[in-house]
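Residue numbers (the numbering used here), protein chains in the order written: chain U, 1155 to 1597; chain V, 1155 to 1597.
A few of these clues could be false.
If you want the footprint, here are the derived chain V segments under chain U, 3+ residues with CB under 8 Å [as the list claims (entries may be wrong)]:
#: 1; stretch: 1243-1252
#: 2; stretch: 1329-1335
#: 3; stretch: 1382-1389
#: 4; stretch: 1423-1437
Which residues of chain V face chain U? A partial, calculated answer using Cβ under 7 Å [unchecked claim]:
#: 5; residue: 1260
#: 6; residue: 1263
#: 7; residue: 1561
No lab work stands behind these hints, which were simulated from the structure alone.
Note that beta-carbon positions come from the ideal geometry of N, C-alpha and C, so glycine has one too.
2 protein chains.
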Amino acid sequence: VFAGLVSSLYRYVVERGYTHLYISGVEKRQGLYEELGFEPLGPAVVSGGARFVPMAATPDRIAACNAHRLELWRRRLARLADGAGQPVSLLPGPVPVAEAVRAAFHRPPLYHRGPEFLALFGRVRRSLGRLVAGREVALFHGSGTLANEVVASTLAAGRQPGRGVLLVNGEFGRRLERQAARFGLRPRVLTWPWGRPWDLDEVAAALSEEPTGSWVWGVHHESSTGVLNDLPGLVRLAGRRDLRVCADCVSSLGAVPLDLQGVTLATGSSGKALGAYAGIAVVFADPAAVAGLDPAGVPSYLDLAAALENPGPQYTFPSPALCALAAALDEYTEPGRAEARYARYERLGRFVRRRLRAVGIEPLADEGHASPVLTTFAPPDGESSTQFVGRCAAAGFLVGGESSYLAERRLAQVATMGAVTEEEVASLFKSVGCMSVHLSPVH
Amino acid sequence: VFAGLVSSLYRYVVERGYTHLYISGVEKRQGLYEELGFEPLGPAVVSGGARFVPMAATPDRIAACNAHRLELWRRRLARLADGAGQPVSLLPGPVPVAEAVRAAFHRPPLYHRGPEFLALFGRVRRSLGRLVAGREVALFHGSGTLANEVVASTLAAGRQPGRGVLLVNGEFGRRLERQAARFGLRPRVLTWPWGRPWDLDEVAAALSEEPTGSWVWGVHHESSTGVLNDLPGLVRLAGRRDLRVCADCVSSLGAVPLDLQGVTLATGSSGKALGAYAGIAVVFADPAAVAGLDPAGVPSYLDLAAALENPGPQYTFPSPALCALAAALDEYTEPGRAEARYARYERLGRFVRRRLRAVGIEPLADEGHASPVLTTFAPPDGESSTQFVGRCAAAGFLVGGESSYLAERRLAQVATMGAVTEEEVASLFKSVGCMSVHLSPVH
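Model the full assembly from the supplied sequences, consistent with the hints where possible.
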């Protein structure tokens, strides 16, 4: 109940956009108030037989001091909602969000030219830049695919647009190929079967035939297959030949530690492993990548140089998605919390793969290249993707498999992005028939 | 208090995504329950001395039967929030939203490939098509500018991309010109000073020099100046010469009755006069406009033909914006309500212009071409846009003037889009000094 009270208070404060809470705290209970995040502003004031301490707290402090309580309450509500028909999302989007993120999303909208919005816009860009070890950040209003359009249009505006190597080992690599073609890019395309990682020897051979200044582009975490490709390895290879690396990090951003210092252009999204809502397309850029570009042929909505230069958004931008992303990034920017998040994702991913193997289901990606936040596999007993997804839904879990690229290959997937808990994942395996048989002892 | 109880119940039900409410109604109060939207499911059941009637209601029925109560409560909260520092938005976005729209936005996110989302996606497309008297509708994830990018890329993929006439009489027309140029379009550009409407005689002369199959493109409601251009007149002109008409209806959609039957391509947005949230770019299309196009050069994210053909979204799509738009469209699709909305907007616009003139401020647009939902004017007493916006903000009202295209011309603007009330607008004139002096008697 106490967790619920704190949670309601917190949500109320954030939704109304209050910046400070003031209380007159009964002196005897000062410890309790401090534990909640309040700090004394001065000495106690006597009023009749009681002594009241003037105290204040900010929403951020309340969130920090009550993280565990807020999370407990969120889970409790989620469980209640479960019972009432709200399924647990184990999809790669929309992902379950933490209570602080949800509350931020529900604040009254801000004007995208106003000072509060602009300050937040700048803060989010800086936080994202730090998260990847230092890159300029441009934000666009749209999906991760939009961010990749920005990369394609930027490459196409370059001096050697016809050159380049594209790495394809799944649906999202294939999509990059289609996007590149629409912008007139004609790269050499290296492909591998679904579930196989990039073969860096083959990549090295292809890159050796590229002229200096050319580029190589691929999907870091190929979320159709659950393969996490070796981006640092690619950066080392390309660095030797002074080639530019572009990476689709849409579903790896926030999932694994990212160092994009050697990457020229990379993309991300607000609605994946960072644990916020869809709506913001992120482009990380080496400023040198846009220097000397001719923007005349770049569509206005995709203009990276303009977006990097402008302190605010170029066009209408939804503040709810931005506020939620800012709250989600707080999880990564406070010391030690990013590492804890990555470790939690790693643990959840291992747990999923172990439980699948325990019932005889082999993940598509081998253990050495498995993404922590998404596992793709063939449903058991020859079942179709649609049947399997339906069976999970009946048990209260949304899993992937309805996209045509999965259904056609009889694949399904379980994502563990955002505020998913191990309990929730464990209950998937308990609740869905033929996922729970032959279980080896847990832990 | 009763309005508050109904409102809280309604919000709870919608946020949880419940589809039906069931009650055991005390028979004596059956009339009250029916007024709230409940319908009896069968005869009363006796329990001791009381008789209970099994009754059920859907959220939609509750919204319909309690529209006035919900609106009263929203205003009351808005007034309270006012006092607590939440300003009234008189901006052309974000716009104030009705309670049903807000509640729909805050439902738990839906998977954009799931059946519930797809059904809603189809419903919103059909509702929008009916709203403009019958056009195919494609939805994209982004702002109104994105929708115009789709038009530019579609025109550029046509057989005569180099031809066309562009009508420019404000900032958004200028933006279309820039967008068109980026796609390699080189139209003839007709321009008029800020605040002046299209001159259809000049347009007719220009169109007479265009070959059959060419196009003319302009902004219907030029929301930099508050001018509502004569789109029906343009359609008649172009029809005589068999030219295609394209129209930016981003800020006229939902503001005035639209008949787009003679328009080949038109654009709209969820976050303007329809009264929902930013996030959805709308393109209305004559299917003939995309027949025979070569999509090879159209960026994937802007592919109109693919979006028209696909029953769902091409890429990740935010369900909160879609749910909110669906709720906002309910205001237009129920018989008689669209007309009531247009009449309310018309009344609000006249009210704003009359009050401005009463203090000696002449709107930029003449009365015959004034938009009902937005009025642009020079702040009184030679004050800068920024000073005027600041003074309104201090009084609790957000008005336009911070965008560089307004500030540079010493202009400000008051929009009355979404769930703005006449009371709120009246209180702007009461609260902001030098807007309230010399007031003529009201009404």
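*Against the structure, test the hints numbered earlier, and report the numbers of the ones violated in rising order.*
The structure breaks hints 3 and 7; every other hint is satisfied.
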